[in-house]
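Q: Okay, here's what each chain looks like letter by letter:
Protein chains: 2
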Amino acid sequence: MPCSSINVLRELDAQQVRDIARGAAVLGTGGGGDPYLGTIAALRAMEEYGKPQVIEPDEVPDDGLVATPVLVGAPVAFLEKFPVGPELEAAYRALDTHFAGKLVALMSAEMGGANSVVPLILGARLGLPVVDADGMGRAYPEAQLVTMTLYGIDASPFAVADEHGNTVVLDTVSNVWTERLARPAAIEFGAIAASMGYPMTGAQLREAAVLGTLTWAEEIGAAIRVAREEKGDVIRELLRVTGGIELFRGKIVDVARRIERGWNLGEAVLDGIDEFAGSSMTVRFQNENLVAIRDDRLVASVPDLITLIDAETGEPITTERLRYGFRSVVLGIPCDDKWRTDAGVELGGPRHFGYEIEYVPLEELNSATGAAA
Amino acid sequence: MPCSSINVLRELDAQQVRDIARGAAVLGTGGGGDPYLGTIAALRAMEEYGKPQVIEPDEVPDDGLVATPVLVGAPVAFLEKFPVGPELEAAYRALDTHFAGKLVALMSAEMGGANSVVPLILGARLGLPVVDADGMGRAYPEAQLVTMTLYGIDASPFAVADEHGNTVVLDTVSNVWTERLARPAAIEFGAIAASMGYPMTGAQLREAAVLGTLTWAEEIGAAIRVAREEKGDVIRELLRVTGGIELFRGKIVDVARRIERGWNLGEAVLDGIDEFAGSSMTVRFQNENLVAIRDDRLVASVPDLITLIDAETGEPITTERLRYGFRSVVLGIPCDDKWRTDAGVELGGPRHFGYEIEYVPLEELNSATGAAA
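Going down the list, the sequences are from chains D and G.
Residue numbers are given in our numbering: position 173 of the first sequence equals residue 173, and the series is strictly consecutive.
Residue numbers are given in our numbering: position 228 of the second sequence equals residue 228, and the series is strictly consecutive.
Keep in mind that the hints were calculated from the coordinates and are not lab data.
What follows is a list of derived Cβ distance ranges for each label pair:
(1) Arg10(D) - Glu207(G): 54 to 60 angstroms
(2) Arg327(G) - Glu260(D): 42 to 48 angstroms
(3) Arg261(G) - Tyr355(D): 28 to 34 angstroms
(4) Gly165(D) - Leu43(G): 41 to 47 angstroms
(5) Arg261(D) - Glu364(G): 42 to 48 angstroms
(6) Glu356(G) - Ile40(D): 41 to 47 angstroms
(7) Gly165(D) - Glu356(G): 27 to 33 angstroms
Residues of chain G placed beyond 10 angstroms of chain D at every Cβ, according to the derived structure:
(8) Asp13
(9) Glu48
(10) Gly152
(11) Gly212
(12) Ser280
(13) Asp295
(14) Thr341
(15) Tyr355
For each residue, glycine too, the CB sits at the ideal point set by N, CA and C.
Using the sequences and the hints given, assemble the complete structure.
A: What follows is the structure, given as structure tokens:
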């Protein structure tokens with residue numbers, strides 16, 4: 001076993017996996033896949049292969065290789081196809097073969113209801129540990145939008161596989177090229193595909209990834225669960241555990257959506273209720289929520305996290321589940337500090353998505369506005 | 001040198017390369033790239049690296065590996081970019097590395113003004129011989145449409161590369177999947193890309209390829225050249241050397257064209273002149289000419305070859321060069337017998353391209369119609 005030299009900290013039980021998927025969907029800012037599907041697939045893998053093992057970033061040997069499995073494509077396609085079976089293992093095998101069997105652990109590419117648990121599913125299946133970290137501390141719609149890119153870590157060699165036995169191995173000169181080539185392959189594979197990339201050593205991971213995010217997702221998911229069980233104030237608990245701000249509370253009155261180049265693009269418009277009555281909010285998304293505009297004023301933008309939460313249940317609402325009539329709280333959560341550097345804002349900020357606006361941290365945008373927080 | 005054990009039959013001089021490119025453009029049925037660009041690139045490679053060497057199919061060892069370099073994408077993009085430099089060598093290196101340096105020769109994927117000379121360019125550069133054969137005996141717009149597919153030879157591993165240093169290696173379960181995955185990669189690489197695939201042994205090549213087509217292309221090109229030099233009847237010479245039929249003679253009065261998924265799709269309409277006065281012909285194409293309809297009657301279809309020839313100069317006209325006003329002869333040439341089997345017609349016949357018509361050999365369609373032949 002490649003992980004025999006690693007001291008495994010803990011095994012995840014079913015409740016922890018459920019909590020991680022739900023909490024990661026909060027951090028997934030509308031993208032990263034549906035937590036319900038992620039949970040079902042993870043629980044099924046656990047029944048068949050046993051519990052997934054999680055290790056701390058410090059436990060990965062300096063020169064041990066970690067790679068990130070990720071589902072590439074339009075999350076709306078998850079509803080029909082959740083490619084975490086043989087295709088995911090095939091993507092892993094293609095990459096592991098490339099490195100002559102040197103992969104020792106897995107890591108989530110992003111936090112999101114599905115993508116956060118994808119490594120847990122594969123880890124259970126292969127007996128490989130999953131590192132408590134990810135490449136974003138949130139979710140993003142393009143493969144190069146990970147903090148590893150800020151540290152010069154290549155996404156490639158990057159393997160993409162389907163359920164028929166097709167694999168594509170990309171060797172690219174930049175992470176933008178990995179994204180450009182992985183996406184059309186995923187589209188050919190039926191809008192969504194299993195992939196494996198970002199090979200890096202333990203030393204690189206500790207410098208370049210966002211650490212502790214599986215634990216954080218678990219805490220967030222557990223907070224939602226406990227507050228619901230105890231009939232507490234779910235939103236208040238969410239604000240506490242995420243360090244977030246309530247940007248808006250309202251009813252969804254319009255959702256525009258289109259699929260373009262494998263992305264789920266569009267916007268949701270909300271009419272305010274309670275203290276936000278009379279106000280309106282527009283949230284624009286590309287798989288993930290990108291900007292939140294309240295009464296024509298920007299109140300949050302990427303790289304900060306913008307998540308819609310069902311006001312009744314506290315459940316995060318992914319962009320493909322947005323529907324007219326949902327009563328929702330729009331939650332803003334500060335992003336990881338790696339994203340707030342100049343390079344981080346250039347990589348994952350509003351201009352990358354075509355918005356000609358300066359990024360201003362969420363807390364500053366909402367410090368003097370009297371927003372409920 | 002990997003080819004040291006092979007007895008090289010002949011080296012090509014500049015005139016032979018020009019003749020091959022021009023003759024292959026006749027066999028390219030409107031596609032396969034522009035002979036002018038192919039010739040320029042080949043002559044430049046010859047100046048730098050020396051003459052390309054051609055060998056007979058019998059000279060490839062039974063277990064020696066041959067692969068086919070090919071430019072994938074929309075031939076109209078050739079006009080801006082002719083990717084036969086470092087990208088073509090990179091695609092070769094990716095495949096040769098996969099086979100631990102075992103490639104001993106190259107073969108054309110198809111006959112066509114550019115793709116027929118691509119192996120000559122790469123062969124000159126690498127000092128590898130080119131086999132006198134190809135995978136179609138014509139040109140076709142999709143990677144799986146080669147006679148090797150009829151013999152169960154895999155297109156993959158199949159490498160696609162660009163000029164920036166990006167490579168994609170496909171490992172697919174069918175040649176249709178190779179086509180599906182190579183095309184979007186080529187589109188990302190700027191509508192056209194260098195690729196390398198169809199690795200096969202000498203024994204496989206002798207069974208599954210169309211043999212002797214470089215020589216045939218050279219004969220056709222030489223016939224055009226000599227007839228023009230001697231002010232002879234170029235069309236008559238072309239009919240003789242190709243075994244073809246003159247399906248029509250007319251003036252192009254309409255060209256409709258669109259680029260779709262990296263293909264050059266459309267149709268040309270001709271008004272008859274001379275013995276075809278009063279008649280009309282429509283030629284539909286997808287990179288290559290697919291069907292020829294004279295006065296609402298089908299007179300030729302794939303897999304048979306349909307090529308428009310400039311009536312004055314005898315030059316073949318590629319589909320991206322079709323223009324209003326050209327006086328053209330529409331030439332029909334019988335395809336190789338491998339395409340006339342049931343499997344061949346299923347793979348490369350009219351139904352593959354969405355035409356609900358039975359394939360009938362060119363000679364039968366035109367035997368009792370009084371067509372000039």
